[in-house]
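K.L.:
Which chain is which? The protein sequence lines are A and B, in order. For the numbering used here, count along the first sequence from 1 and bump the result up by 3. For the numbering used here, count along the second sequence from 1 and bump the result up by 3.
Some clues are possibly wrong.
[Stated by the list, open to error] Reference listing, derived: stretches of chain B covered by chain A, where coverage requires no fewer than 3 residues with Cβ under 8 angstroms from a Cβ of chain A:
1. 165-177
2. 189-200
[Claimed, not checked] Some chain A residues well away from chain B (every beta-carbon gap over 12 angstroms; in silico):
3. A34
4. R116
5. P120
These are computed hints drawn from the structure, not numbers from a lab. C-beta: ideal position from N, C-alpha, C; glycine also.
Listed below are the residues making up each chain.
Number of protein chains: 2
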Amino acid sequence: MSIPVTAKMVNDLRSQTGAGLLDCKNALVDASGNVEEAIMILRKKGAASAAKKADRTTREGLIESYIHVGGKVGVLIEVNCETDFVARNDGFKTFVRDLCLQIAATSPLYVSREQVPEADLAKERDVATAQVLGKPPAAAQKIVDGKLEKYFSTVCLVDQSFVKVPEKTVKDVLTEAIAKTGENIQIRRFVRYQLGS
Amino acid sequence: MSIPVTAKMVNDLRSQTGAGLLDCKNALVDASGNVEEAIMILRKKGAASAAKKADRTTREGLIESYIHVGGKVGVLIEVNCETDFVARNDGFKTFVRDLCLQIAATSPLYVSREQVPEADLAKERDVATAQVLGKPPAAAQKIVDGKLEKYFSTVCLVDQSFVKVPEKTVKDVLTEAIAKTGENIQIRRFVRYQLGS
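Chain A on its own, in the form it takes in the complex (with noise of 0.2 angstroms):
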């Protein structure tokens, strides 16, 4: 059941989705219309352009903080991009606020899974393992990597569920940003301070 794609439809989904007004055309008309599907088709694309752009430099950016009331936990973040224009951009500015919001709602430990440190994932990975002994091999190892997987949502920032839309994670969030940019965007480090602790 295909519907007939209207200009309001494409501009809607443009708002949506900050892709070019001829890439929510072309997908809407792919996706005969369905706008979910129309999203995936977006996001798909966005996701291929992001890695395509994995690779150029990004030496401009933001450094933002957030203080929690009263004081007791504090973040401070850097995150880069290829030009002053995209860290001066208002959708930018607040990718990079929401960044914050999200390590002092969830302390993650670390951007991403390569930065966890071998012994902590060799440690991982042997409690997961005790816990499926005589399991078949096969459902074992899935288990296993399923485990592994809970646990880089929980400690790796990219891998969290995005606290202001949890359908999506962070990565997702990235990955959205770097299309509407049209830029590559690094995560760079952060550091979250609680009181005390």
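Once you've looked at the hints, dock chain B against the given chain A.
P.N.:
Just chain B now, kept in the frame of chain A:
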């Protein structure tokens, strides 16, 4: 030459140092009305009571941040005191904010000299020692010590000259804050991010 101690002098000294009324009066009497000398007496007392307080537990305090215009430099700091009452005090808040500005401006690497890695210290000592080769040992030692003090006053926050009042060190201002609040105060940790570096 002794100057009579008036109530106005006591009050002026009090607002200048934050010390108690009786302490100010006694210091002025002991200093024969010389304000500069009375301040020194109070400082020494402050330092003495700061040393006495140094082993008291500090679990309260503030986490504060500072982002330099444009988001290119950011600082996050934790300063501890003994009670939430002092943490919410305006004088304490100002002290913490001043430390943020200090760190943004002067880029210290450590809170105090105890945190300088032994390897870095050895390197500084080697360089300094090489520069005084051939001098009499006693003079050489003095010059090396002087060069190390200079190094500490560059990389250690508490040994730096206080940007707001350059005649004082940050340690002087910390000692004054301890005297004013009557609580042990610890600069626990800080981090300084500079965009892309």
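K.L.:
Give a verdict on every hint.
P.N.:
Status of each hint after checking the structure:
1. 165-177: violated (count 0)
2. 189-200: Coverage by chain A holds for the region 189-200 of chain B (6 residues, Cβ < 8 angstroms).
3. A34: holds (38 angstroms)
4. R116: holds (23 angstroms)
5. P120: holds (20 angstroms)
Checked against the numbered hints above, the structure violates only hint 1.
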